[in-house]
Structures are given as C-alpha cells and as structure tokens.
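Same order as they appear, the protein sequences are chains H and F. The working numbering puts the last residue of the first sequence at 295; the count rises by one with no breaks. The working numbering puts the last residue of the second sequence at 236; the count rises by one with no breaks.
Just so you know, these hints were derived from the structure itself, not from any lab. Backbone N, C-alpha and C define an ideal beta-carbon position, used for all residues, glycine too. Be a bit skeptical, because a hint or two may be false.
If we take Cβ atoms under 8 Å as the criterion, some of the chain H residues that face chain F in the derived model are [claimed, not checked]:
hint, residue
1, P122
2, P146
3, P156
4, G168
5, T169
6, G201
7, S210
8, R211
9, D222
10, L226
11, D235
12, I238
13, N254
14, T255
Pairs of lysine-lysine residues, derived as DSSO-like cross-links and limited to a Cα-Cα distance of at most 27 Å, are as follows [claimed, not checked]:
hint, chain 1, residue 1, chain 2, residue 2
15, H, K104, H, K145
16, F, K235, F, K160
17, F, K86, H, K187
18, F, K141, F, K235
19, H, K51, H, K104
20, F, K160, H, K186
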Amino acid sequence: MKFNVLILLLFIMLFSSCKMGLKEFFWRSSDVSSRSTEITDIAVPQTILSKQSYKILLIADIHYSDVTSNPESVLFDWLDSLEEDEVPDFCIVLGDMTNYGFEKEYTMYDSFVSRLDTFDIPVLGLLGNHDIYNSGWDYWIKYVKPQTAYYRFSTPEYSWYFLDSANGTLGEAQFNNLIEELQNDKKQKIIFSHYPLYGDGIFYFTLLDSRERAKLIAAFADNDVLYYFAGHKHDGGIFDYGSFFEAGIKAFVNTKIEGYFNDNGYWAVLSVDENTGTFSCDEYWAQDLSVSSIF
Amino acid sequence: MIMKRCRILFILCYLFVFLSAPVFGVSQFLELSAGTNGGTGFAKPFFSLSIAHSVFFDNADILGGFHYTLGQVDLTGQIRVWLVKKEAAALGFGILQHSGWFLGDGREHDFFGSVHGSFGSLARFNFSFEASYMYKYSVIKSIRSYVPFLSDKGAAFSLKLQKEFDSRLLLYGGVSSYEMFRYPLFLMPAYFAGLLYSHPGGLTARSQISVRYSDQLTLTAYVNYISISAGVGCKF
C-alpha cells in the first residue's frame with residue numbers, strides 16, 4: 001500500500017514539475033478559440049513603407065531556454081558584415097520563440113529583438129506550440145509584437161497573413177474568419193503559420209485534421225495565395241501545390257542529435273520585388289554561412 | 001485505378017457477406033445512431049447520423065458503416081481475422097478501409113493494416129487494443145490538376161477497457177487515435193466512454209461521449225470536439 005502511494009506521489013511530482021507543462025496535458029486555460037477569432041489589421045513595418053523591393057529575415061523555432069542554444073552571435077556577425085542595402089528590412093519569427101513558455105525565456109527573446117532593432121530590423125512574431133506551454137500566452141502578448149496571434153498587413157500588391165496555429169488547428173472562429181477574409185481580399189496573398197500544411201508529407205508535424213488541411217489548401221488555391229511559410233518541423237520541407245508553394249523554414253535552434261540534426265541552426269531571407277512580382281528565398285546555415293535556394 | 005478496384009472488390013465482398021450471412025447462420029448486429037459534434041474545432045457544430053453493421057463469424061468479424069455530418073459523407077469497412085480466440089484472450093489481424101467525401105472540396109481514403117488483441121472476459125474486465133499502419137491519400141479538387149493526391153503514411157492505435165454487468169449492461173471506455181468515421185493524422189486522440197444496454201430479445205441501446213483533442217502530444221492540449229451520440233440496434 002505504502003509502495004503504491006509512493007509511486008502515485010512520484011507520478012504526481014513528475015507531472016506537476018515537468019517543464020513542458022504536463023499538468024496541462026488535458027486542459028489549458030488559453031486556446032485558439034479564445035485567442036484568435038477575428039483578424040487584426042496592423043500597420044506595414046515602417047522600414048518598407050516607401051520601398052517596392054525589400055528583404056525579410058525569416059527565423060523559425062528559436063526555442064530560447066536554459067537547456068538550448070542558438071547561433072545568435074553568428075547571425076549578428078553576419079548582419080554586421082552586410083552592406084547597408086543588403087540588411088533585411090524586417091524580420092518574421094515563425095513561432096516557438098521559447099522552449100517552455102516561461103517568462104525568463106520570453107525576456108531572452110526580447111533581448112534578441114532589441115538587438116535586431118539596433119540594425120533597424122523590426123520583428124513580427126507568430127505563436128508556436130512551445131510558446132503556450134505553462135500558460136505562456138500571457139507572456140507572449142506582453143513580449144511579442146504585434147501582441148496578437150492572428151493578424152494581417154497589406155503592401156501595395158500583396159496581403160500578408162499571420163495565422164494562429166499553435167494548437168495544431170485554426171479553430172472554428174479563425175478558420176471561418178480566414179476563409180471570409182481571403183475571399184474578400186482581392187490582392188495576392190502570402191501566409192505565415194507555425195504549423196506546416198503538408199510539408200513533404202511528414203504526418204506528425206503538420207496540421208493533423210486532414211479535413212481542415214484539405215479545406216485550407218482548397219481555400220488557398222482558390223484565393224490567390226502565392227506562398228505559405230511555416231516553422232515547427234525543424235528540418236524544413238517544401239511542397240509545390242501548383243497554384244501556391246509551401247516553404248518550411250529550418251529551425252534556428254542548435255539541435256545536436258547525432259545522426260539526425262547534428263548542426264547549427266538556419267535562417268532564411270525572403271526577397272520581394274513588388275514591381276516585377278518576383279519572390280526568392282535563400283536559407284543560410286550558421287555552421288559555415290553557406291547559402292542554398294529554397295525557391 | 002488500383003485503389004478504385006480495391007474499393008469495388010471490398011464493397012462486393014461486403015455485400016456477399018451481408019447477403020449470405022443468414023444462410024450460414026452467423027450472428028449480426030445492426031445499429032442506427034445519431035449524435036452531435038460540439039466544440040471549437042474548425043468545423044461548425046452539427047448533428048451526425050450513422051448506420052453500422054457487423055457480422056460475426058467464428059474466427060472473423062466484418063464491420064461496415066455509413067456516416068453523414070455537415071459537409072461530409074463517410075463509408076468504412078473492416079475485416080478482422082482472429083488467429084486465437086478464447087474467452088480470456090484473443091489475437092488477430094485485420095484490414096480497414098475508410099472513404100470520406102468532403103462535399104465540394106475533395107475526398108480522402110484511409111487504408112489500415114492492423115493487429116488487434118483482447119484480454120480478459122467481459123464479465124470480469126476486458127482490455128483490447130488495435131495497432132495499425134495507416135496510409136491516407138487525399139484528393140483536393142482545387143489542386144488536382146497539378147497534385148493528383150497527397151499521401152500520408154503513419155500509425156494509429158486504439159485502447160479500450162470494458163466490463164459487462166449482468167450480461168445486459170456493457171460499460172466501456174478508452175482512447176483512440178481514430179474513430180470509425182474519423183481518421184485524422186497521428187495524433188489527435190479521442191477519449192471515449194459509453195454504455196451499451198442489450199435486451200434479451202436482441203434490441204440494444206447505446207450512448208457514448210467522445211472528447212477529441214487536437215495534436216495532444218505536442219502538449220498544446222486543445223479540446224477540438226465533444227461528440228455525444230445515442231443509438232439503437234438489434235442483434236440477430
């Protein structure tokens with residue numbers, strides 16, 4: 001009997017102390033249906049207001065914590081080495097800024113954003129699944145601009161959508177609102193989300209409700225979506241749907257698992273020319289700053 | 001084309017079994033049920049209707065069913081073969097096919113190869129499991145001219161506990177990564193619990209509640225849907 005009680009206590013301690021927030025395994029106070037119901041229109045980043053061509057720094061899955069590392073110093077050295085006209089005009093972080101959703105991790109992210117600010121690179125964030133561990137949403141809205149998880153801005157030729165997929169689904173309200181907004185928006189669209197739609201077919205790291213996925217792909221194909229960018233799956237993944245293209249951005253976190261990901265992180269730069277309607281995206285490997293084209 | 005032939009073959013086999021079952025004197029179970037899917041998943045809450053039919057041979061079960069809910073129609077067929085079938089333990093393998101039509105947007109087809117087992121008598125306590133390899137292919141109308149289909153390969157599982165009271169009342173519950181008419185990718189589990197009453201004359205009544213989570217193993221627990229259903233059936 002005593003042994004059973006001991007096992008039970010150990011089990012409870014394990015659940016309640018795990019940094020991943022296992023005590024919230026069945027229920028979390030904040031979810032997508034309460035966070036993201038209607039799209040918020042935000043201002044275009046000031047740094048591209050008068051530009052027709054610009055560069056966007058794309059970073060995914062930083063996972064700030066006391067048990068992870070990332071090639072932050074390599075990134076800043078690289079930014080230092082660029083000519084003024086090569087420096088990205090703004091940055092999008094595609095979710096999972098933190099590993100466990102703790103405030104301390106959000107302050108680490110905040111320091112990173114402040115340092116990017118010294119290069120005159122404003123940062124917009126997407127909500128990832130790790131960011132809402134341990135009720136991290138409360139800190140997300142405190143530390144991550146633009147303080148909303150479902151938003152959009154418009155440039156002369158394009159609309160830029162940022163989705164809240166941190167729960168692995170858009171939820172009914174966001175889903176219906178998104179479909180309506182896509183249909184009413186006559187511009188071509190670029191979409192950012194933490195979760196991939198399909199990637200290259202890795203079943204665990206994509207939106208898991210195949211019916212939701214099918215309806216979203218159909219809506220994107222029917223409503224002038226050009227690109228869908230995602231994080232979450234640390235080794236990236238691309239897929240061409242014909243009418244639009246999905247690009248998974250590789251993780252910025254240093255993942256050192258022998259035989260799987262045994263390297264430094266990555267970042268990417270998306271170059272946009274609104275005059276010619278051309279897009280190109282290159283990824284940079286922090287290990288040796290080698291560049292390869294995503295599209 | 002191969003998939004289409006498989007489906008036709010499956011339907012023909014099923015019809016053969018359904019029509020020939022009375023000749024062989026095997027037992028059958030037919031159930032009509034209605035339910036509602038509430039919640040905050042991407043789909044609007046709506047009622048659902050389903051009909052399920054099972055045929056039980058000595059060493060094999062054949063199950064099939066039809067389901068309708070807002071914007072979706074599903075058909076599922078399953079064959080389970082029991083290699084060992086005793087009161088205390090049973091072990092076998094099986095195949096399953098599900099087709100779901102997303103009215104207006106496309107369709108998906110799921111194929112399972114499974115092993116399944118059952119331990120313990122219903123009167124005391126019974127545990128059963130099913131572990132499957134899953135192959136899904138989805139056809140999306142809007143991209144079909146460029147991408148004929150998307151394919152997903154994965155795993156699926158189901159764990160169930162049940163206990164019978166007075167040979168009439170069966171209480172069951174468990175967790176499963178799929179349901180008879182719902183096949184998300186791994187892992188959007190549904191926790192379910194239900195009660196089945198069987199009248200000695202063969203009529204049955206059942207009620208069930210399922211709580212469906214979204215992507216629970218990334219620890220962003222989110223209750224996608226709560227489904228409540230009730231059904232009436234008959235054993236013959």
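Results for each hint:
no.: 1; hint: P122; in the structure: violated (27 Å)
no.: 2; hint: P146; in the structure: violated (21 Å)
no.: 3; hint: P156; in the structure: violated (27 Å)
no.: 4; hint: G168; in the structure: holds (3 Å)
no.: 5; hint: T169; in the structure: holds (4 Å)
no.: 6; hint: G201; in the structure: holds (6 Å)
no.: 7; hint: S210; in the structure: holds (6 Å)
no.: 8; hint: R211; in the structure: holds (6 Å)
no.: 9; hint: D222; in the structure: holds (5 Å)
no.: 10; hint: L226; in the structure: violated (14 Å)
no.: 11; hint: D235; in the structure: violated (16 Å)
no.: 12; hint: I238; in the structure: violated (13 Å)
no.: 13; hint: N254; in the structure: violated (21 Å)
no.: 14; hint: T255; in the structure: violated (16 Å)
no.: 15; hint: H/K104 / H/K145; in the structure: holds (17 Å)
no.: 16; hint: F/K235 / F/K160; in the structure: holds (22 Å)
no.: 17; hint: F/K86 / H/K187; in the structure: violated (65 Å)
no.: 18; hint: F/K141 / F/K235; in the structure: violated (41 Å)
no.: 19; hint: H/K51 / H/K104; in the structure: violated (36 Å)
no.: 20; hint: F/K160 / H/K186; in the structure: violated (50 Å)
Checked against the numbered hints given earlier, this structure breaks hints 1, 2, 3, 10, 11, 12, 13, 14, 17, 18, 19 and 20; the rest are met.
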